[in-house]
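Novice: Listed below, chain by chain, are the residues.
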Amino acid sequence: MGTIGADIVIQILREQGVDVIFGFPGANSLPLNDRLMESSIRHYLVRHEQAAAHAADGYARATGKVGVCLSTSGPGATNMVTGIATAYMDSSPLVALTAQVNTSLLGRDAFQETDIISMTIPITKHSFQVKNIHDLASNLREAFEIATSGRPGPVLVDLPRDILAAQCEPAGPVEETIRNGYKNGSDGREAIERIARALNQSERPVVIIGGGVKLANACDLMGDLIAKTQLPFVTTMMGVGSVNAANGLNLGFIGSHGFELANSIVHQSDFILAVGTRFTDRSTSRIDEFAPLATVAHIDIDPTSISKNIKADLPFTGDAMEAIRTLIPMIEPRDRTDWMNRIAEERTSVEEKVPDRGCGPAGTFIRRIQEALPDDTMAVADVGLNQIWTVRSWRTRTPRCLLTSGGMGTMGFSVPAAIGAKIGAPARSVVAITGDGGFYMNIQELATIRYYNLPIKIVVFNNGHLGMIRQIQNLFFDARYNSIELGEGTDFVAAARAFGIPSSRIRVDNASDEGIEALGRTDGPYLLEAVVDSENFVFPIIPPGRSNVEMIFGQAD
Amino acid sequence: MTVEERTLSMLVNNRPGVLSRIAAVFSSRGYNISTLCVAETINPDISRITLTSSADSDFTEKIKKQLYKLVDVLEVSDFSGPAFLHRELMIFGVKVTPETRIEIMRAIERFGCRIATMSQSYYILESTGSRPENEAVLAYFDPFGVEEMNRTGSVALKKIFEAATPRT
Numbered sequence: 001m002g003t004i005g006a007d008i009v010i011q012i013l014r015e016q017g018v019d020v021i022f023g024f025p026g027a028n029s030l031p032l033n034d035r036l037m038e039s040s041i042r043h044y045l046v047r048h049e050q051a052a053a054h055a056a057d058g059y060a061r062a063t064g065k066v067g068v069c070l071s072t073s074g075p076g077a078t079n080m081v082t083g084i085a086t087a088y089m090d091s092s093p094l095v096a097l098t099a100q101v102n103t104s105l106l107g108r109d110a111f112q113e114t115d116i117i118s119m120t121i122p123i124t125k126h127s128f129q130v131k132n133i134h135d136l137a138s139n140l141r142e143a144f145e146i147a148t149s150g151r152p153g154p155v156l157v158d159l160p161r162d163i164l165a166a167q168c169e170p171a172g173p174v175e176e177t178i179r180n181g182y183k184n185g186s187d188g189r190e191a192i193e194r195i196a197r198a199l200n201q202s203e204r205p206v207v208i209i210g211g212g213v214k215l216a217n218a219c220d221l222m223g224d225l226i227a228k229t230q231l232p233f234v235t236t237m238m239g240v241g242s243v244n245a246a247n248g249l250n251l252g253f254i255g256s257h258g259f260e261l262a263n264s265i266v267h268q269s270d271f272i273l274a275v276g277t278r279f280t281d282r283s284t285s286r287i288d289e290f291a292p293l294a295t296v297a298h299i300d301i302d303p304t305s306i307s308k309n310i311k312a313d314l315p316f317t318g319d320a321m322e323a324i325r326t327l328i329p330m331i332e333p334r335d336r337t338d339w340m341n342r343i344a345e346e347r348t349s350v351e352e353k354v355p356d357r358g359c360g361p362a363g364t365f366i367r368r369i370q371e372a373l374p375d376d377t378m379a380v381a382d383v384g385l386n387q388i389w390t391v392r393s394w395r396t397r398t399p400r401c402l403l404t405s406g407g408m409g410t411m412g413f414s415v416p417a418a419i420g421a422k423i424g425a426p427a428r429s430v431v432a433i434t435g436d437g438g439f440y441m442n443i444q445e446l447a448t449i450r451y452y453n454l455p456i457k458i459v460v461f462n463n464g465h466l467g468m469i470r471q472i473q474n475l476f477f478d479a480r481y482n483s484i485e486l487g488e489g490t491d492f493v494a495a496a497r498a499f500g501i502p503s504s505r506i507r508v509d510n511a512s513d514e515g516i517e518a519l520g521r522t523d524g525p526y527l528l529e530a531v532v533d534s535e536n537f538v539f540p541i542i543p544p545g546r547s548n549v550e551m552i553f554g555q556a557d
Numbered sequence: 001m002t003v004e005e006r007t008l009s010m011l012v013n014n015r016p017g018v019l020s021r022i023a024a025v026f027s028s029r030g031y032n033i034s035t036l037c038v039a040e041t042i043n044p045d046i047s048r049i050t051l052t053s054s055a056d057s058d059f060t061e062k063i064k065k066q067l068y069k070l071v072d073v074l075e076v077s078d079f080s081g082p083a084f085l086h087r088e089l090m091i092f093g094v095k096v097t098p099e100t101r102i103e104i105m106r107a108i109e110r111f112g113c114r115i116a117t118m119s120q121s122y123y124i125l126e127s128t129g130s131r132p133e134n135e136a137v138l139a140y141f142d143p144f145g146v147e148e149m150n151r152t153g154s155v156a157l158k159k160i161f162e163a164a165t166p167r168t
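Line by line, the protein sequences are chains A and B.
At position 76 of the first sequence the residue is numbered 76 (this note's numbering), and the sequence of numbers has no breaks.
At position 105 of the second sequence the residue is numbered 105 (this note's numbering), and the sequence of numbers has no breaks.
The reader is advised that the hints may include incorrect statements.
[Claimed, not checked] Derived pair list, reagent style DSSO-like, types lysine-lysine, alpha-carbon separation capped at 27 Å:
#1 A/K65 - B/K62
#2 B/K95 - A/K311
#3 B/K62 - A/K311
#4 B/K69 - A/K131
#5 B/K65 - A/K311
In short, the hints are calculated from the structure, not lab data.
Excised from the complex, chain A in its bound form (with noise of 0.2 Å):
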C-alpha cells in the first residue's frame, strides 16, 4: 500500500497537531476515511455536516488550537456553510475539508458536485482546490497558518477525489510557505505612545475589552493593565470572561442587551482604549450617537476593523499582546475619584432598577445550574433569549468558560459546539444550554452525544416560543405575534430518552432542587428540559435604530 494523497492529508493534519476531526463521510471523502482508520486522528461521526463546522468550531474555541472538520463534496460540503460562516465571524481558527469530485469531472454539474470555493469566499480567510498532487502538503500547511495567524478564521480545502487517491511520495520538509500577500503589519512604537498620553491626561477613560483580547491569548496581560491602572473596563459580548476583578472595575458588557452600567459609563467617558473589537453595531447601536465625548484608541490586529465603523483617533494595527505590554508602562496614575465614585452610584441606581441581572426567574435558574456543576466548567450557550440570559447571569471566571456564536447569531450552534468542546477539554465540565427553537436545529446531535457517551450536560429552555422574537414583537411589533409559536407538542424528556440521554423536566419559576442536582450528579450526558414563562423577557434591551443609552426596562415603557 503506496503513499496517497489521502495520506499526504494526514501527514500534514499530524505535523500540525491535529488528533481530532469532526466529520461525515461520503462517496468523494472515502480515500480519506479509508486511510483515517490507520492514523491516530479520530473522526467523530456526528449527524449533520452543520454540527461536524460547530463541533470544529467549539472544539477551537474551548482549547485555542485549530479545530478541524470533514465532509463530503456536493451537500456535504455545502451544509457546513453556517459553521464556517459563524466561525468566521467570531474569529475562530477552523480548517474545513471538503472532498470534491474527481478533477477531471469539474465543471460538468457531476453527482454531488459543488462549487464550494464559490460559495465560501465571503466566509472564509481563503481557500484552495487542490488540482496537483504536488500542491497537497504546501495548500495544506498554508490553509493552517492562514486559520491561525493575524486575525484567525476559518480556510477551506477542497480535496479532488483522484487528488486523495493519487499515488504519491511522502510530503516533504515544511518550506516557506506563507506568500507575499499575507503579512501581518504592525504599527510602531510610536502609536502606542501616544495611545499612553491621551490615556494620562484623560479623566473618564473606559477599557473595552473584545474577543480579540482572547484570541491574542492577552487575558493575563490585560489583567495585569487593569490591576495595574485601576481603570474601568467594559466588554463586548464576545469579550466576556477575558479578565475577572472582583474589585468593581468590571462593568459588564455594552451593546443592546448589555448592562446599563456598563453602557452608560462608556457613553459618558472622555477616552475609550479598545482592544481586539470590531465595534459591530450589537455593541454599538447608532453609530452617531455612541461615545460622542470620547477620544477613541483602538488596537486591533486586523487592519480593516481599525475606523471601520467608529473613527479610531489613535490606532494600533498589531498584535494585542504585544500592544498591551509595550502600554503598561507608560501608563502613569492618576487620581480619577470623581470619575470612580461616579461609576459607583451609577452602579448602585442600576441595580435597584434591573434586578436580577434582568433576566428573571430564567437568571436565577442559571446561577442555580452554575452552582450545581464544577468551577471550571463551560457554558455553551445558543442564540436568543437563553444566550442573553446565560451571558448576563452566568459568573464567567476564565476566558473559556462561555462560549457562545456572537457575530452570526447561529442558533443550533449550542449543542453541537459543546460536543467540540468536550472532546477538546475533556477534563472540564461541560453545559449547553439552549431554547427550544435553537435545540430543534441540531436536535439530532443527541445521538452524537449518546454514541461517544459524552458527559455533556444540555438545559433546554422551553417556552414554546421562538423568545427573542416574542419579545422583539412584543415591544416593537404591538404585540402582533406571528410565526413564532413552536408549541408545546415536544415532549423533550421523551426526545431525550428516545436517543438514550436521561432526562427530567422541571419549571423554571418554581424549580425543586431536584432536576439541578440531577443534571449535576450524572456521570454521563443529562437534559434538563427547563420550562418557562413565554413573558420571561429579558431587559434592558435597545430598540432598533436608538442610541446604546436609550435602552427600556419592560413593556410599560
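Chain A is already provided as a structure; the job is to place chain B on it using the hints.
Specialist: Showing chain B alone in chain A's frame:
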C-alpha cells in the same frame, strides 16, 4: 461625502479564483466596478488588475485594507489623478455616406483615430486615449450614426519611473 472615480491598480498572483475574490470584496460592500482590465505582467506568475470605481473619499483606504487581506493580492496602489497615465482602447462602428466621408476622414486624422476595418458605408474606428478623450471622440462621431461601440476600460501606469521599480 463627495463621490468620484478612483483608479486602483493591483498586482496579484496569476491563478484561478483571484478575480472573483477581488470582485467579492467590492460587491459585498456595495461598490460598483465601472471598468476592469486584467492581464499578465512581464512576470507570468503575476497579473495586474486595473479597475475603476466611483466611490467616496474613504473608499481607497478602506478597500485597500480589505484587498490586502486576500492572500493572492501582492500590492494595491491608488492610480487616480494626473501623476498616472491612463489609457483605454475604444473601437466603434460609424456609418459613412458620400456626403459625410470627407468630414469623417478629417475627424479621424484630427482625433488620431485609426480605421481598423472598413466598407463603402461603414468604418470600424479605433481610438486610444484617456476615458474623457474617448468620450469626446464618441460624442463627435455620434451624429454620423455610431452603430456599436466596445471599450476596454482604463489601464494605467505611474508617469515617473523609479530606478528600483521591478518590471511588472
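Novice: Now look at each hint and say whether the structure bears it out.
Specialist: Do the hints match the structure? See the list:
1. The hinted pair formed by A/K65 and B/K62 fails the criterion: a straight-line CA distance of about 31 Å is larger than 27 Å.
2. Of the pairs offered as hints, the one joining B/K95 and A/K311 is violated, with about 55 Å between alpha carbons and a cut-off of 27 Å exceeded.
3. Of the pairs offered as hints, the one joining B/K62 and A/K311 holds, with about 12 Å between alpha carbons and a cut-off of 27 Å not exceeded.
4. A distance of roughly 24 Å separates the Cα atoms of B/K69 and A/K131; the hinted pair therefore holds under the 27 Å criterion.
5. Among the hinted pairs, B/K65 with A/K311 is consistent with the structure: their alpha-carbon atoms are about 15 Å apart, no more than 27 Å.
Of the hints listed earlier, those the structure fails to meet are numbers 1, 2, in rising order.
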